[in-house]
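Chains as they are written, first to last, in the working numbering: chain A, 3 to 355; chain B, -1 to 207.
Because the hints were derived from the structure by calculation, they are not lab data. There may be inaccurate statements among the hints.
Stated by the list, open to error - Here are a few chain B residues that face chain A, going by a calculated C-beta distance under 10 Å: (1) Leu23; (2) Gly27; (3) Glu30; (4) Glu63; (5) Thr74; (6) Phe75; (7) Lys98; (8) Arg100; (9) Arg139; (10) Asp143; (11) Val161; (12) Leu200.
To be verified - Over 10 Å on every C-beta distance to chain B, these chain A residues come out as not near it, computed from the model: (13) Glu10; (14) His55; (15) Gly72; (16) Ile111; (17) Glu335.
The beta carbon of each residue, even a glycine, is placed where N, CA and C say it ideally should be.
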Amino acid sequence: MKKCKHIENDLPLYDEGALSAARKQVVEEHLADCAACRKELAYLRKTSEMMDHLSAVEEPPWFQQKIMAGVREASGKKSMAQKWFHSLRMKIPVQIMATLVIAVLAVYIYRSGDEQARQILPQAPKPAMEILKEQTPPQSPQTVDMAAPMPSGKRASLPEPVRQDRQAMADKGTGDGKQKTTAWNSEIKTGREADAYRAEASAERKDEAGRALPPRQNELPAVQAQMAESEKKTEDHALTGMAKSRNDDKTVAPAATRPMAASAALPPQAGILLQVDDSNAAAAEVEKTLAKYDARKVTKQSAKGSLWIKADVSGKVWKNILAELKGTGTVKEKFLPADIGERVTVMIEIADQ
Amino acid sequence: MPGMSKIIEDKKAPTADADLEYVVLCQKGDTESFSVLVGRHSKKMLNIAYRMLDDYDEACDITQEAFLAAFRSISTFKAEAMFSTWLYRIVVNYAKNRLKQRQSLSRHESASLDEMKEGQGGCAACLAAVNGDHPEQLMERRELDAAVQQCITALDGDYREVVVLRDIQGFSYEEIRDILRIPDGTVKSRLSRARLALKDCLKKVIGEL
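Based on the provided sequences and hints, a complete structural model is requested.
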């Protein structure tokens, strides 16, 4: 016979038929021999009976009405909440937030870029293209139109250093804000060194150019190649990239693509065409004049049968230089900066009449 | 024997949920349809809460709160179980939470709570009178009911809920399993222990049964 403990937990479930057949048989066998367990089962049945006879409690008056009043109140709040907040929370705010985030981000990026540019260049002049448009009157067919695309043979009529700078600035302008400012910094630092080196290099090339002058139409690309090569040695990575792009793209870079801030990174530039009877004699006179007015970084080179003299002169003496040049030959102003600051880089093309 | 009728209940075939129609209406925004559901289930919910809490006023509060909670979340009801099962689960959970609150309170104010309990819980007017009962028999009956309720209240929460649902409200094992979300074996073991504890308690309170 099994011990009473073994069937104790089965007894409360015995009457309900909740036991498996095997368990039920074990319980029945035990009950047949154990009077104490039969008594316990009787107690359990009595307890169950008492539980069954427990009276149910009645609801208080208006109980269901009270519940429904609460439900209606909750329903009113729910509908109000749905009316005011559901659409607001789920639909409109997502769109509004997206628009706001984009707008704020755009303004922030624009402002941060602008601030950086202002820090570097407190007085950002107008883009060179705008300056040209304002200053250059409608020119005769012989004079060079900087903005208009030129036939391939005449493309090089823009002074090479000016092209270099413009192309470089245009290339730089396509980069993002940070890269742009970093490149500008390096350009400002290295630009003067490059000019100094260019003066030396051009002095060396002067003789070579005189000895073996290539055919006129191929002359300029050769000069460009020489200059690009010399720059490669001196300028940093950014400037090297500019030189490459110049070689790849032979068209004159439109000045309009030059960013406003970038144009102020270097001194303003002026371009002058000096038509004379004897270009070599005139070049000597021009150099003399420039030396008289304390011009710096004077470089001279020949291309396309013209002599090019580049110099960095004081803005104060610029008008005096211009007056003296008019005494040497016929002066045509190709392009002039709107606002001549302390220094101005002047490009003088000396051509035979 | 009362147990026999429960065996028959356990074997009854699953019927379609008669509440579903009104539940769907409520989900569509018809608040008044909820009154049908309240009418059908409020008494049973009140009795479950009352037997678990042994306090009529608290049971009324809990029932109202449970109905409100059900209404607020009726849109989440997916008819995977009977609506009544879902509703009774809510009231059982609310009652269990109230018991826990009471227990935590009793730790701090045990003396004053015992004094309060002397006078609370019973609601003679609320108990359904049995027709034809003599006043003396009625008195005797109420004393017996109070003793049984005292023993139910003495049970731990987990045992109390199975006893209330099975032995007082007559839910099947399957329904209890769904309401309490516990396995069949757990339902049986808890019920077995609860009944043994009740039997021992009643022996002490009433004497020889």
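Now for the hints, and whether the structure bears them out:
1. Leu23: Result: violated, 13 Å to nearest chain A Cβ.
2. Gly27: holds (8 Å)
3. Glu30: Interface hint status for Glu30/B: holds (8 Å vs cutoff 10 Å).
4. Glu63: holds (9 Å)
5. Thr74: Given a least distance of 13 Å, the restraint on Thr74/B is violated.
6. Phe75: Violated, about 15 Å.
7. Lys98: Violated, because the Cβ-Cβ distance from Lys98/B to chain A comes to roughly 23 Å (cut-off 10 Å).
8. Arg100: violated (19 Å)
9. Arg139: This interface hint holds because 7 Å falls under the 10 Å limit.
10. Asp143: Result: holds, 6 Å to nearest chain A Cβ.
11. Val161: With a closest approach of 7 Å, the Val161/B hint holds.
12. Leu200: Constraint on Leu200/B satisfied, holds at 6 Å.
13. Glu10: violated (7 Å)
14. His55: Given that some Cβ of chain B is not farther than 10 Å from that of His55/A, nearest at about 8 Å, it is violated.
15. Gly72: violated (5 Å)
16. Ile111: holds (44 Å)
17. Glu335: Non-interface label stands for Glu335/A: nearest chain B Cβ at 81 Å, farther than 10 Å.
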